[in-house]
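Asker: Given only the sequences and the hints, what does the whole structure look like? Please build it.
Here's the letter readout for the chains.
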Amino acid sequence: MRWATRQGVHIDRAACAWLIRREVDHDAEFAFVADPADVPADATPFDMPGVDLSHHGPDCTFETLLHRYDLTDPVLWRMAAMVHEADIDDSRYDAPEAPGFDLALRALSMVESDDRILELTGPLFDGVYEFFRRQLMLGREPA
Amino acid sequence: MALTTGPGEWVMLTYRMPRDPSTPRSSVWRRLRRLGVAQLGDGLVALPADARTREQLEWIAEAVREADGTAGVWLARPATLAQERELATAMAAARAAEYQALRAEAEAAVSLGDVERARAVRRLRAELGRIRRRDFFPPAERDAAVAAVELLGTSTTGEPHRADPDVVAT
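Protein chains in written order, with my numbering: chain A, 2 to 144; chain B, 257 to 426.
Hints were generated in silico from the structure; no laboratory data involved. Worth double-checking, as some hints may not be accurate.
Cβ pair distances, simulated, as ranges [what the hints assert, rightly or not]: (1) SER367(B) to ALA35(A): 50 to 56 Å; (2) ALA105(A) to ALA335(B): 36 to 42 Å; (3) ASP28(A) to ALA335(B): 50 to 56 Å; (4) GLY51(A) to ARG386(B): 24 to 30 Å; (5) SER278(B) to ARG93(A): 16 to 22 Å; (6) LEU407(B) to MET2(A): 51 to 57 Å.
We put the CB at the ideal spot given by N, CA and C, even for glycine.
Answerer: As structure tokens, this is what we get:
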């Protein structure tokens with residue numbers, strides 16, 4: 002399936018692409034567009050104003066995806082807190098790592114293409130998932 | 257923003273929302289305040305345009321529409337440099353007041369015991385970060401506020417606050 006989002010990806014779009022590939026569509030292909038009108042006809046748009054898979058109320062798109070696809074995994078919700086605070090920064094969640102991820106994604110977007118950012122951040126989000134999974138199981142910082 | 261080369265690009269949000277319910281209205285208002293917008297009129301706010309400010313206003317426009325309001329996001333230039341300076345000056349003055357209040361808090365916290373002071377440093381650094389994030393035309397008061405918070409972070413009273421059992425002498 003094809004998916005489309007705005008070009009110049011930041012943490013919400015990078016994390017959503019990771020989540021879509023992991024939980025919704027293992028063979029997902031992503032297109033990056035400058036204007037919502039440029040979304041290919043066969044693509045599902047996300048994280049763009051005016052589409053369903055986007056910000057709603059206080060939620061960022063990562064949270065919207067968790068709701069839409071009935072993903073209740075607490076590890077994914079812990080990641081949602083990180084993505085939300087790095088993206089929106091409204092203190093809705095306690096996610097002390099968020100400012101670092103915000104800077105890291107903004108920094109990457111200065112030197113890498115959108116496709117490359119998804120390649121680079123995929124393993125990072127895999128690791129973050131594993132970190133929060135162990136943290137939730139142990140009830141403390143893992144290793 | 258280089259004011260010498262002519263007025264820069266601004267992103268503007270026009271919005272109207274029903275008076276009731278009031279919750280979405282106050283949520284939108286809080287989000288606009290956090291972004292540090294210039295209020296140009298009733299239902300008209302502006303920020304210097306960049307990828308982040310434009311995206312933030314687009315999300316707020318969506319929130320307005322979801323609450324049965326109407327909203328639009330526009331890119332515009334002030335017609336004259338003087339008009340842009342007036343806007344920048346008003347925004348800088350709003351941030352200056354925030355920096356001054358923060359500096360006063362930091363200076364007042366110097367006399368606290370070590371534990372409370374460390375807590376105050378963390379809180380004031382976070383607040384400083386939030387103000388800097390919406391500071392598009394840094395006023396002179398910024399440096400004094402940064403210095404006051406850093407001084408608070410490095411100073412010690414020389415008298416460890418012993419009332420707290422968690423404090424361990426090192």
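Asker: Hint by hint, note whether the structure agrees.
Answerer: Hints, one by one, checked against the model:
1. SER367(B) to ALA35(A): 50 to 56 Å: Cβ of SER367(B) to Cβ of ALA35(A): about 55 Å, so the range 50 to 56 Å holds.
2. ALA105(A) to ALA335(B): 36 to 42 Å: holds, 40 Å
3. ASP28(A) to ALA335(B): 50 to 56 Å: At roughly 52 Å between Cβ atoms, ALA335(B) and ASP28(A) fall inside 50 to 56 Å, so the hint holds.
4. GLY51(A) to ARG386(B): 24 to 30 Å: holds, 29 Å
5. SER278(B) to ARG93(A): 16 to 22 Å: holds, 20 Å
6. LEU407(B) to MET2(A): 51 to 57 Å: holds, 56 Å
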